[in-house]
Each structure stands twice: as C-alpha cells, then as structure tokens.
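> Protein chains in written order, with the working numbering: chain A, 1 to 127; chain B, 1 to 349.
Don't take each hint at face value.
[Said to hold, decoys possible] Here are the simulated DSS-like pairs of lysine-lysine, each with C-alpha atoms no more than 25 Å apart in a straight line: (1) B/K321 with A/K90; (2) B/K258 with A/K86; (3) B/K108 with B/K95; (4) B/K214 with B/K238; (5) B/K283 with B/K218; (6) B/K56 with B/K194; (7) A/K107 with A/K93; (8) A/K90 with B/K257; (9) B/K283 with B/K216; (10) B/K218 with B/K238; (11) B/K257 with A/K86; (12) B/K218 with A/K93; (13) B/K301 with B/K321; (14) B/K158 with B/K115; (15) B/K250 with A/K107; (16) B/K82 with A/K107; (17) A/K90 with B/K250; (18) A/K70 with A/K93; (19) B/K250 with A/K86; (20) A/K93 with B/K250; (21) B/K266 with B/K250; (22) A/K90 with B/K258; (23) B/K167 with B/K95.
[Claimed, not checked] If you want the footprint, here are the derived chain A segments under chain B, 3+ residues with CB under 8 Å: (24) 89-96; (25) 103-114.
What the hints contain is simulated information worked out from the structure, not anything from laboratory work. We treat Cβ as the ideally placed atom computed from N, Cα and C, and that holds for glycine.
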Amino acid sequence: MKQLFKKADIFLILFLCLAGAALFLPGILGNENLEALIYEGGNITHRIDLSEVEKSYVIILDGPPASTVKVEQNAISYLSSECPDKLCVKAGKLTHRGDTAACLPAKTVMVIEGKSGNDTLPDIITY
Amino acid sequence: MAPTGNLKNKAGIAAACAAAAFLVGIIIYDTAGHTPEISKSGIAMGTVITEKLHGKNAQETAEEILERINEIESASLSRRIKGSDIYNVNAHAGKAESVGKNTLDWVKRTLEICKSSAGALDITVGRLTALWNIGDDSARLPSQPEIDGLLGAVGYGKVLISNGLIKLAEGQSLDMGAVGKGIACDEASQILDKNGIDSAIISVGGSILLFGGKDKIKVGIRNPAGAANDYMGVLNLKNCCISTSGDYEKVLEVNGKKYHHILDAKTGYPADSGLTSVTIVCKSGLLSDALSTACFVLGYKKSLPLLKEYDAEAVFITHNKSVYITQGLAGSFEITNTAYSAAGAENES
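In isolation and in its complexed conformation, chain B is listed as follows:
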C-alpha cells in the first residue's frame, strides 16, 4: 500500500531531523576543537619519543615522524652509527668530508650558536664526551692528563665548512648530542605541517614541540631533586619548542661525588655554573636544545645576552632551589613545588 501524504511528511521530517541531529553533533564536536587523538610512543636517538596528534592522517603522521627521527639519527647525526654523516666526518678528521644537505645546515647553524655563546656550547667535544662516556656502562672518571690531552683539539673555530664539505682539525670529533633532540622536534614540525595535522605534542627525550591547537598546553619542568615524573613548576604555552638541560639526567658517581654529562669545553669537566637545570622556550627546536646546553654552562647572568640575541625565554633553577625566569615567561610560569622559590623575573630590556 502506498504511503499517505501525512506519512510521507512525517518520514521527511524524521529524515530532516536525523540529518540536523548529525549536523548538531558535528558542530559541537568541531566547536570543542576535537578531532580524533592518536598516541604513539617509541624509542629513537637513545631516548623515549612520545607523540599525541589531533587531525586527519594522525596515525600515519605519527609513524612518519618516528621513522624520520630514526633516519636523522642513522643517516646524519649519530657519532656511533657507522655510515652516518657525523661518523664519517669524525672518522676522517683532518680531511674534508662530504655530508648531506641537512647535516651541513644543522652543523652550520649549531656552529653559529657555538660562536654566539663563546664556546659555552661547543660541538667539538666529541672525544671528551667519549672519554667520560657518562650515561653508558663504561663511564669512568678520566685522569687529568687524559683530559688535557684532548682539550687541545677542542674548538668550534677550527671546523672548516666550504662547498658542502666539513673538515675537522686533526684529533677533533663532533658531538651533535646537544642539538639532536631539538632537530628531531623541528623535523616533526615540518611533517605535521605538511600533513595538515591540527595540533600535536611531541616529546623527544624531554625536548618538546607544541604544534598548533587553540589551547595552551601545561608543560611541567622536571624537579631536578625528584623522580623522573616529578615536576617543580608548570609552563602554559602553545606553538613553541621547549628544551631542558639538567645535571640529573645522566650521572657518574665516583667515591660519593657525582659527575653529570654536560661538559664545559674549556675545562673538560662537567659544567659547574651553579645551575641544576635550565629550560629554554623559543620557536626552533635546534635553538632551544642548543641554548639549554649553552645556558647551563654559562650560568644565569651570563646567559641573558645570549637569550636576548635569539629571542628566547628561560627558566633557571639553581642548586639552592632558587628559580629565575626571563621576562617573557612572567605570566606563563608557576612554581608548584614549595621547596622552590622565585628569585625574580629578569628585565631584559
């Protein structure tokens, strides 16, 4: 039997309502800024990678980022993996070595920061890093003659770059460990952008990329005196890179004395500037990573001109638990652990 006109109307209205209901759902969903979230974790560059992505193709993008980080490590930055650009440059110190375009660019940019920091960051400490080997089972306290014997070859100014070639001085060795995680964040950012991802939080061993999104993200700063997941304060940020260098991450203990892994290229020993950690906030991962090491070596006061030069902000934590922040973070940082106290915001103008 054919439906009556009344029934036809009802069916039409019901269909229209169903469509409207679906639309209402989508509008609410979109207004709330929610797209499916994908989480992924893995290990690369000898550290933990965690990814949270919102947007279409999030799963594929998360995979692509992890693959890219592995590729950066094995083809370019590792000083341990045979065949990587840095491995080859180090193995042929004294001779000009051809490297990939990316490696060349990363080394150039890092050397500029080495220069700006007057060697507080110096990527030619490779042999000293290998001598101490802090963070590895074979770590040991070297003798003074051993350190003195390697200090002579250290010096970013001795690295020559021309026509796509890198030439180290005899006995020199590059260590890109101070910028590798930051470079990984920059590469992740490019992939996220290319794939049209809405928002993402990427952590490469504690160096963090905050990508896109409408809301600010709460980023805890690790409590240097606490356990791995303990934090002493919280930054509220978006669309930036954050890197931290601290004396707690990799430690060698000999006769009750602790030696951390951030070496001062001038002395050959772990840096001792009165800081226990420095967190840097800026637009580039390479920069935030490099500056966190440089500022850790320089100490609070001497870091300020460098931060100003690169338009970066920072949180400094001293051994006596005083916390200094740069002016640009004054409204974005809160100390949450009462053992720490604010020492002031530095006026950089």
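Isolated chain A, as found in the complex:
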C-alpha cells in the first residue's frame, strides 16, 4: 500500500503546527517585563520597559502643574511636582505590577504592567 506521508512530510507537519502555536505564544504568555505606562489627559504618552533601563533618567511632564518623573531600572516615581498636595510624590516608587500613582491636578497617571515574576503579588489594590 502506498504510504500517505513520508518522514519529511511528518516533520513538515510538526514544524508548521509548532509555528502556528508559536504565533500565539506572546499573547498567551503576556509581556514578561515590567512596563511603566504614563497617561497624560487619558492618553498613553510614554511606554517604558523598566527592565531595559540601564541608567536612570528624568522625564518632564508639562502639566500644568508640571511634574518630573524618575525612571530607574525596574522602578518609576514622581520625583517632584508643582501640585499643591504632592500626593503623587508621596506615592513613592512603583515597582510591582498594578502599582499606580497619579497627579490629579495635572491629570497624569502612572501604572506598572507586565508579569511580576511573583504569582503571590496582587493584580490590583483596593483602598
């Protein structure tokens, strides 16, 4: 009887199946790195892969009121702000998935996203 598949065909099938599955892997696994998103007026203006930061630097958000944001490896924080209560600065460093800080007068929000590498960490915090 004639063989339907040759050995090479089977390898090809396996390869294509794996390739098909691999196409969807990024969506399944999500972003492995911690990513900081900065929103100004409801729009994302900065998307920073915090694990890729080699040397810390500062971003100025014009506001008003204006504020400065410090970007470090695996951390981001409001360094200073011209807002009255400075709650954004008091929020301290954001280092984990779900950490959030905002400057309400300036309508700016910073959120950390991505995989934390630690499954016990919460997805969100109620306060």
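Fit chain B to the supplied structure of chain A, relying on the hints for placement.
Chain B alone, transformed into the frame defined by chain A:
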C-alpha cells in the same frame, strides 16, 4: 509546466498543515482563556480610574466606560458641578426638585441603606462635608458651634421623594461621595455586559469591579499604615465588587492630631469606631461602597447584622492591627504583612 500529481498532493498537504497549525494556535490561545488585553487609565470623579479588559471591542468599551463615569459625575452625582442633579437638589433645598431617573434610583437605594444602618451612612451630611472639606486645600478644623449649627439639618429621614422629585429639608445638602465610585463600578459592569466583554478589572478610586473571567483575581487590601501601593493582605475573588473605606485616604492634621474624611453624622466629627479600614465584598458597587462607609462608622460588632441583611462580606482592620473577617471570606483572604494578625472569622449564622 503543469504541476505533477505528486506536487499537487504535497501542496495540498502543506496547505492543510498550515490551516491545521493555525487552528492549533487558536485552540491553544482560546483554551488558555486569552483574548487581547486593553489597559486604560484616566481621571474622573476626582480620582484615578484604571481599566483592564479582555475581549472584542475592549478599546472602545474602555473609552465608553470612562466617558460614562464622567457623565455620571457631571450630570448626576457631583455636588460641586453646577447643573448636576445633586447640585440642583442642594441649591433648592426646601423645594421639590426634578432629577434624572438614574439619580432618583441611586438616591432611593442609598437612602434605604442609610435607614438600614440607622444613619451610620447618612448622605445628608453635605454641608458638614463642605465645612470640613478634608482632602481639599481649604480643609480646616471647624469650631464646635459651627458643627452644632449644621447638625440640626442632618437626617436622611427628612428627605422626601415622590413623583420623580427630591425635596430636602431647609438647610440640608446631599453628598453622594460615599456611593459615587460604587455606582461607577455598576455602570461599568452594565457596559461590559452590553458590549460582550470576556473579563475585566475596573478600579474607580480603589472601588473595584471584577467582571467575568475564569480565574480568580488577587485583590490586595491597602496597608493602612503603609504607602499608597503597600498592601497587608490579599483577597482571591471573581465576579464581585469590592470597596474599602479607610482613615488614611484624606487627612487633615492640626496640632499633631489627624482628622480623616469619614464623618459620623451623629457627632459631625470623623468617625471613631476603633477601625482604620473596612473592605466590603458583594455583588453591587453601590452597595459595597455604601456599606464600607456605614461599617466604618459602626465598627466591627455593630456592622455584622447590616452585612447579613445585604449578604455582604467584609474585612475589618482595627487600629491595633487586628484583622476580623466575615465567614464567607474565610477561604479567600490571606494576611501577607506580619504586622497584622487575624482576630477570627465571625460566624454570622
């Protein structure tokens, strides 16, 4: 040159394999419960809104939710925005005022909780809230005569509702701040449902909606003694609303003494029931938000009948870092900060 039969077969097999590979990918992707995740953050109701949505039309839905929350604030619930229903009701205290259908429903439902809590939640504290104004630059410690002068007008029982009209007693003023974020969660839930979203986590200033999804979500409870992103324990939950009231969120400090923003309608001063925070878990955002304020004012023991009445669960944290949980959360809550200790699960039966 025309392809031979063998080549035709190979090409067919290759095409079939490619299709099969694609299908395998989709099956794996779907089995894992993953659809594209959309994140959005913004500011509304004077607080931070964060959204994470999975499903088709997630981006549009996230936008729609943010717009709806802004609309709720400006058209209905704000006591500061001129033209909102609550602003108009307050401005015409003593006269019956027409309001939107939603506003009427929210006020009615909240007044019922005011009654059930015997005034531990009282939305007629609007003028007292404005007098203290804690959380604003103009916050100050009022004098006793100032507080006494406003206490007389406080009382949820004096609010009259009939034929779609709300009438406050002279001198009364509504403050829907204790339920606004919860109402926003309920409205978000309706939009998510309408748009066929698979799952979502919505936070409106710390009041959280967990919508759909197969897996439980880890919800941290803020550490009252810690920084904004510090948590003391974790709840594992799905398909519910969670609200927390705490004495750390908005504070006025005068001569070394701290005054928080949750007022006791009976005294006119910040509530002092021995609690530093209460987290409520139930099916409705309005309810979880309202109960968190009521229970914060009532204290642990007095809150239990109210929670039972509304089929809600709670985590109470006292000033000495003891943690009480209701029975329904016994398997869903874990203390992660060793400074806190479990005081027990209350048997509500």
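> Hint by hint, note whether the structure agrees.
Right, here's what the structure says about each hint:
For the suggested pair B/K321 and A/K90, the alpha carbons sit about 23 Å apart, so the restraint of at most 25 Å is met. Between B/K258 and A/K86 the CA atoms are separated by roughly 18 Å; this keeps the pair inside 25 Å, and the hint holds. With a C-alpha separation of about 17 Å, the suggested pair B/K108 and B/K95 falls inside the 25 Å cut-off, and the hint holds. This hinted pair checks out: B/K214 and B/K238 have alpha carbons roughly 8 Å apart, not beyond 25 Å.
Using a Cα cut-off of 25 Å, the hinted pair B/K283 and B/K218 holds, with the two alpha carbons roughly 17 Å apart. Only pairs whose Cα atoms come within 25 Å are accepted, and B/K56 paired with B/K194 is accepted, the gap being roughly 12 Å. Using a Cα cut-off of 25 Å, the hinted pair A/K107 and A/K93 holds, with the two alpha carbons roughly 19 Å apart. With a C-alpha separation of about 20 Å, the suggested pair A/K90 and B/K257 falls inside the 25 Å cut-off, and the hint holds.
Taken as a hint, the B/K283 and B/K216 pair is honoured in the structure, with Cα atoms around 15 Å apart against an allowance of 25 Å. Taken as a hint, the B/K218 and B/K238 pair is honoured in the structure, with Cα atoms around 9 Å apart against an allowance of 25 Å. Of the supplied pair hints, the one linking B/K257 and A/K86 holds, its CA atoms being roughly 20 Å apart against a limit of 25 Å. Proposed proximity of B/K218 and A/K93 is supported: the alpha carbons are some 21 Å apart, at most 25 Å.
Distance check on the hinted pair: B/K301 and B/K321 sit about 16 Å apart at the alpha-carbon level, within 25 Å; holds. Between B/K158 and B/K115, the direct Cα distance comes to roughly 11 Å. Compliance with the 25 Å bound is thereby established for this hinted pair. Proximity of B/K250 to A/K107 is assessed by CA-CA distance (about 18 Å); at most 25 Å being required, the pair is judged to hold. About 21 Å separates the Cα atoms of B/K82 and A/K107, which keeps this hinted pair within 25 Å; it holds.
Distance restraint check for A/K90 and B/K250: the Cα-Cα separation of roughly 13 Å lies within the 25 Å cut-off, and the hinted pair is therefore satisfied. Distance restraint check for A/K70 and A/K93: the Cα-Cα separation of roughly 9 Å lies within the 25 Å cut-off, and the hinted pair is therefore satisfied. Between B/K250 and A/K86, the direct Cα distance comes to roughly 13 Å. Compliance with the 25 Å bound is thereby established for this hinted pair. Of the pairs offered as hints, the one joining A/K93 and B/K250 holds, with about 20 Å between alpha carbons and a cut-off of 25 Å not exceeded.
At roughly 20 Å between alpha-carbon atoms, B/K266 and B/K250 fall within 25 Å of each other, so this suggested pair holds. Proposed proximity of A/K90 and B/K258 is supported: the alpha carbons are some 17 Å apart, at most 25 Å. Using a Cα cut-off of 25 Å, the hinted pair B/K167 and B/K95 holds, with the two alpha carbons roughly 6 Å apart. Counting residues of the region 89-96 of chain A whose C-beta lies closer than 8 Å to any C-beta of chain B gives 5; at least three are required, and the coverage claim holds.
With 5 residues having a Cβ less than 8 Å from any Cβ of chain B, the region 103-114 of chain A passes the three-residue criterion, so the hint holds.
Checked against the numbered hints given earlier, this structure breaks none of them.
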